[in-house]
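Undergrad: Be aware that the sequence shown starts at 36, since it is given in our numbering, and climbs by one per residue.
It should be emphasised that the hints constitute simulated quantities derived from the structure, not laboratory data. Among the hints, erroneous ones may be present.
Claimed, not checked - Think about it this way: if two alpha-carbon atoms lie no more than 35 Å apart in a straight line, the pair counts; the simulated DSBU-like pairs of lysine-lysine are:
no.	residue 1	residue 2
1	Lys-127	Lys-207
2	Lys-134	Lys-169
3	Lys-151	Lys-197
4	Lys-207	Lys-151
5	Lys-151	Lys-161
6	Lys-161	Lys-134
7	Lys-164	Lys-107
8	Lys-207	Lys-107
It should be emphasised that the depicted structure is a prediction, and the values quoted were computed from it without experimental measurement.
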Amino acid sequence: KTEIKTATRKVKDAVDAKKAADAYGAGRDYSVFTDNMCRILSKYAADGRSIIISGAHIASDCSREENAECRKFLETKLKVKSFYHVLFNSGKVRTSSGKSIEYYTSPNPNLYHIEKPEGLVPSGFKAHKILMYKGGNECAGVVFRSRDYNSATLSIPIEALKTQEQIDYLMKYLIGSLN
């Protein structure tokens with residue numbers, strides 16, 4: 036966990052790698068958005084801070100019936116209403132400004148990969164698509180800006196991008212979109 040001071044706000048980095056709820060009934064739960072994590076991030080937002088969240092299963096984990104607190108957090112704080120599975124995994128997304136970014140779609144010796152990407156649905160009039168899957172208008176990222184706090188939610192983990200140049204570009208783009 037890292038904390039970086041910026042001119043006006045703090046940025047908190049909580050890396051949770053490839054976490055997801057166990058959908059196969061084995062009783063294991065590796066969800067990132069536990070009730071406690073939702074409370075912590077809600078307080079963080081209430082303090083006027085910006086949140087950037089990226090992960091392959093963030094929306095589907097919250098859609099499970101037992102995750103009411105998570106669904107509420109997803110919709111009211113991150114401004115993502117729901118998700119759907121993207122039918123064609125091209126391994127490419129584009130920013131709302133048109134820049135193309137590639138991510139890994141199969142196991143490789145370099146980085147994390149995305150097997151089954153999620154499309155996100157923005158919630159509310161201040162939530163906007165900021166990242167789209169290449170080949171369609173399916174949303175891979177939602178940004179929300181308000182007087183109280185800002186958030187960016189991506190269904191593509193930043194660490195799955197193919198080059199450091201793309202990671203740097205996306206982080207700069209996200210931070211610029213939040214300020």
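Undergrad: Now tell me, hint by hint, if it's right for this structure.
TA: Now the hints, each set against the structure:
Only pairs whose Cα atoms come within 35 Å are accepted, and Lys-127 paired with Lys-207 is accepted, the gap being roughly 18 Å. For the suggested pair Lys-134 and Lys-169, the alpha carbons sit about 10 Å apart, so the restraint of at most 35 Å is met. At roughly 17 Å between alpha-carbon atoms, Lys-151 and Lys-197 fall within 35 Å of each other, so this suggested pair holds. Annotation: proposed proximity of Lys-207 to Lys-151 holds, straight-line Cα distance about 26 Å (limit 35 Å).
Straight-line distance between C-alpha atoms of Lys-151 and Lys-161 comes to about 28 Å, which keeps the hinted pair within the 35 Å bound. For a cut-off of 35 Å, the pair hint linking Lys-161 to Lys-134 stands: about 22 Å separates their Cα positions. Between Lys-164 and Lys-107 the alpha-carbon distance is near 20 Å, which keeps this suggested pair within the 35 Å criterion. A distance of roughly 28 Å separates the Cα atoms of Lys-207 and Lys-107; the hinted pair therefore holds under the 35 Å criterion.
Taken one by one, the earlier hints all hold for this structure without exception.
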